[in-house]
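Engineer: The lines below spell out each chain.
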Amino acid sequence: MAIQNIQKDHARFRDIVKGAVRRNLKEYISRGEILGKEGGKTVKIPIPEIEIPRLKFKGEGESGVGQGDGEEGDVLGEEKAPGSGEAGQDEGQHEVEAEVSIEELAQILGEELSLPRIKPRGKSTIRVPTQKLRGIARVGPESLKHFRRSFSAALKRQIAAGMYNYDDPVIIVTREDRRYKSFKEQQSQESNAVIIYMMDVSGSMGEEQKEMVRIESFWIDTWLRHNYRGIVSRYIIHDAKAREVDRETFFRTKESGGTMISSAYTLAAEIMAADYPSEEWNIYPFHFSDGDNWSGDDTSKCLQLLTDKILPNCNLFCYGQVHSPYGSGQFIKDLAKSFGEDDRVVLSEIPDRDGIINSIKEFFQKGK
Amino acid sequence: MNLPLDLWTMKEEIRQYAKDYGLDFFEVIYEMVSFEKVNEIASYGGFPVRYPHWRFGMDFERMSKSHLYGLHKIYEMVINNDPCYAYLVEGSSNIDYKLIMAHVYGHSDFFKNNMWFAHTNRKMMDEMANHATRIRRYIDKYGIERVEKFIDAVLSVDNMVDYHFPDNAGKRSVRVEGEEGGKEADHRFSGVQAPEYLEEYLYPDEYMKKQQKRADDKERRSRRVPEEPMKDVLYFLGEHGALEPWERDVLSMLREESLYFAPQGQTKIMNEGWAAYWHSKILTEKALKSSEIIDFADQHSKAVAVYGKNINPYKLGLELFRDIEDRWNKGKFGKEWEECSDARERRHWDRGFELGRKKIFEVRKVYNDVSFLDEFLTPEFCLENKLFTWIFREQYDKYIIDSKDFSAIKESLLSQITNFGHPIVRVFDSNHQNRGELLLLHTHEGRDLDPKYANHVLKNLVAIWKRPVHILTVSQREEQLWSHNGKEFSAQRYAHPQM
Numbered sequence: 001m002a003i004q005n006i007q008k009d010h011a012r013f014r015d016i017v018k019g020a021v022r023r024n025l026k027e028y029i030s031r032g033e034i035l036g037k038e039g040g041k042t043v044k045i046p047i048p049e050i051e052i053p054r055l056k057f058k059g060e061g062e063s064g065v066g067q068g069d070g071e072e073g074d075v076l077g078e079e080k081a082p083g084s085g086e087a088g089q090d091e092g093q094h095e096v097e098a099e100v101s102i103e104e105l106a107q108i109l110g111e112e113l114s115l116p117r118i119k120p121r122g123k124s125t126i127r128v129p130t131q132k133l134r135g136i137a138r139v140g141p142e143s144l145k146h147f148r149r150s151f152s153a154a155l156k157r158q159i160a161a162g163m164y165n166y167d168d169p170v171i172i173v174t175r176e177d178r179r180y181k182s183f184k185e186q187q188s189q190e191s192n193a194v195i196i197y198m199m200d201v202s203g204s205m206g207e208e209q210k211e212m213v214r215i216e217s218f219w220i221d222t223w224l225r226h227n228y229r230g231i232v233s234r235y236i237i238h239d240a241k242a243r244e245v246d247r248e249t250f251f252r253t254k255e256s257g258g259t260m261i262s263s264a265y266t267l268a269a270e271i272m273a274a275d276y277p278s279e280e281w282n283i284y285p286f287h288f289s290d291g292d293n294w295s296g297d298d299t300s301k302c303l304q305l306l307t308d309k310i311l312p313n314c315n316l317f318c319y320g321q322v323h324s325p326y327g328s329g330q331f332i333k334d335l336a337k338s339f340g341e342d343d344r345v346v347l348s349e350i351p352d353r354d355g356i357i358n359s360i361k362e363f364f365q366k367g368k
Numbered sequence: 369m370n371l372p373l374d375l376w377t378m379k380e381e382i383r384q385y386a387k388d389y390g391l392d393f394f395e396v397i398y399e400m401v402s403f404e405k406v407n408e409i410a411s412y413g414g415f416p417v418r419y420p421h422w423r424f425g426m427d428f429e430r431m432s433k434s435h436l437y438g439l440h441k442i443y444e445m446v447i448n449n450d451p452c453y454a455y456l457v458e459g460s461s462n463i464d465y466k467l468i469m470a471h472v473y474g475h476s477d478f479f480k481n482n483m484w485f486a487h488t489n490r491k492m493m494d495e496m497a498n499h500a501t502r503i504r505r506y507i508d509k510y511g512i513e514r515v516e517k518f519i520d521a522v523l524s525v526d527n528m529v530d531y532h533f534p535d536n537a538g539k540r541s542v543r544v545e546g547e548e549g550g551k552e553a554d555h556r557f558s559g560v561q562a563p564e565y566l567e568e569y570l571y572p573d574e575y576m577k578k579q580q581k582r583a584d585d586k587e588r589r590s591r592r593v594p595e596e597p598m599k600d601v602l603y604f605l606g607e608h609g610a611l612e613p614w615e616r617d618v619l620s621m622l623r624e625e626s627l628y629f630a631p632q633g634q635t636k637i638m639n640e641g642w643a644a645y646w647h648s649k650i651l652t653e654k655a656l657k658s659s660e661i662i663d664f665a666d667q668h669s670k671a672v673a674v675y676g677k678n679i680n681p682y683k684l685g686l687e688l689f690r691d692i693e694d695r696w697n698k699g700k701f702g703k704e705w706e707e708c709s710d711a712r713e714r715r716h717w718d719r720g721f722e723l724g725r726k727k728i729f730e731v732r733k734v735y736n737d738v739s740f741l742d743e744f745l746t747p748e749f750c751l752e753n754k755l756f757t758w759i760f761r762e763q764y765d766k767y768i769i770d771s772k773d774f775s776a777i778k779e780s781l782l783s784q785i786t787n788f789g790h791p792i793v794r795v796f797d798s799n800h801q802n803r804g805e806l807l808l809l810h811t812h813e814g815r816d817l818d819p820k821y822a823n824h825v826l827k828n829l830v831a832i833w834k835r836p837v838h839i840l841t842v843s844q845r846e847e848q849l850w851s852h853n854g855k856e857f858s859a860q861r862y863a864h865p866q867m
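Going down the list, the protein sequences come from chains A and B. One point on numbering: in the numbering used here, the residue at position 313 of the first sequence is 313, and numbering is uninterrupted. To convert, count from 1 in the second sequence and add 368; that's the numbering used here.
Note that these hints are calculated values from the structure, not bench results. Be a bit skeptical, because a hint or two may be false.
SDA-like cross-link-like pairs, simulated, lysine to any residue; straight-line CA separation at most 20 Å [claimed, not checked]:
#1 Lys241(A) <-> Ile271(A)
#2 Lys44(A) <-> Lys433(B)
#3 Lys41(A) <-> Glu779(B)
#4 Lys58(A) <-> Lys433(B)
#5 Lys58(A) <-> Glu779(B)
#6 Lys778(B) <-> Glu71(A)
Please build the complete structure, drawing on both the sequences and the hints.
Structural biologist: Listed below in structure tokens is the structure:
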């Protein structure tokens, strides 16, 4: 009995799920609970669009007949779960939830972006897939036949079958013995890239603002990691002081204090100088803040740092500014004044969660 | 036939036992399949080939996942076909195979003899493959998006068929002119002949107007299509909808499939009960070696476990059949039994009729779940089997056992299975307000429709009917007309037109 159709139906179903995800990408992308999940893990997304609707009664699944021990008024040991409560019917009535992996989401997101063009530099830790004729396959075009391997396979078979005559060594290659050269995907290492994420965690950044920044950097991070395995990420958080943290802390942290953006830039510049010489590395600093810097002095210090230390050494500098009810949002204007024309700098404003996806697009549409 | 010799011998043995007990079944062909394949076949409702549709893929994903997590095991799968097809999963134990084989002969006997299956196509295996080919051809010609969209729309109303009259759904809407209700049999003024001077007293104006209006209404009704409200909405759409030929064909295929599967839903409790009755009988009385008893008891008790909130059809059906057998053996029926109110006497009642076996064979022939429960569910049975009704209590966020009262249980059970627990909807008028719009009538039996779902279903109906569609229902004790014009859903209070 040959059944291959289910694979097609399954692929079709996944396509429909992806289509639904694509249409509501904004909503799914801005969900906070995804944070802190590593790539490859899956999230459950409710997708009502892929349910086949049938006429139903209101309050279905809220009463019924059961069987077992217990007296009137006893609690049945089951919590209410969405979509449960079918009774003796073939098709269960589930709320349709599809499992989508984070990678898949990042990929869907990426379809509308262009990847930064990472230049071949230095010793290379990023793996890029290349194809070479390295594998051996049992089927293939005759022009790629591997004679030595085919004959050795035939020899093995004849010996095993006791058909090999040592006095009269004739080897006959049958169809099963034929071996062909085939393509095998290889990861070759070509270039080096580092992403430096800087986040403002000062008091003027509310929980919602921080959440937006985390979500945005999470997707940027996931997407880039998905496309360039071996990419390096560094995380900096700052208020009046800056410090480097690990990924975990970056996506979870709660702090508050004043804002000295220059502290972060100083630290970033130090990291770059120490670990990532620009002739060997592609460097992408991302900075997120509400733009409410401590003083004009500090801002001019920031501009100085950018001009002298950061911009000359990086491929692209991205600044994202979230709207905050407390802040002045002055910083982005200052940046625009100084670097508005500079194509190494991308500035983006993120008004609310729905703006996240646009902001990511703004960062990556240049394809640098 | 791909059964290994030992299983083939086992099959022959069990088949003979089944025959000896008087089961009358279609021959059964057992297929050995791997457990991955079983999930595939199960997603297709037991058939090896179905038309391409994403929901099969969705079911497959769900089943494979729960299989992976060990939540779900398919015990048996059998197709109502002549010959019957059944699947055995590779690597099960011999006792599992025995149990499944005996169980399947029970199903096969039920398929062949229960009257609700009488209309089903016994060559459905072939028919399904034909449907697949035809729909695939339409997909090649018109594109997957278009065909799939139409299939989705039809599936959302594929429960609106007339399960009870699958064959003559169409014929009933035709009426010969001249018969009762027809135009020519007009008794408008067939009053008593009276002298002229009495006319205005015998037939005052007011009365005459009323008569006139009644006659007009009758005539208008007879011009309405369908003449009588029609339950088979799908049939009606196929006959009267503005469909393209391929759409009509797809719709008729899906209707056929829906009608084919319907009896299995209509007799779920009976059918599973019957099969469980026979596997347990055949195995315990004949086929088991004494070393296998424990394993059998283990498997059997899993199959008939009770889950608390849900009714297990295997268990309920099995116990009911046993109860019926016992009652008819002891003569616990008829006037004398009904009128006896002495509990002690009732408990020890035994007239030695020994009619049980005959009775259950009769029951499996003519009943379906609704009539089965209506007739044979007794207060004693509910008590003994610990049945209860439960309800969800919002304030505790918990399910609570509501009542153990017999009539409450029976009412709730019956409402769960009547029309599969789906709302009953009929086509009332296909030219509503003389604008070619479709008017459906929901028969309200105490429970309101969920507008969220109605919205989507109406939208799908518009996709098929290609004109606005309305449904007349009752919502919060008010007659309402819910409408969809393809763009938006609206609900308004319904005022009856002046008739």
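Engineer: I'd like to know which numbered hints this structure contradicts. Please list them from smallest to largest.
Structural biologist: 3 and 4
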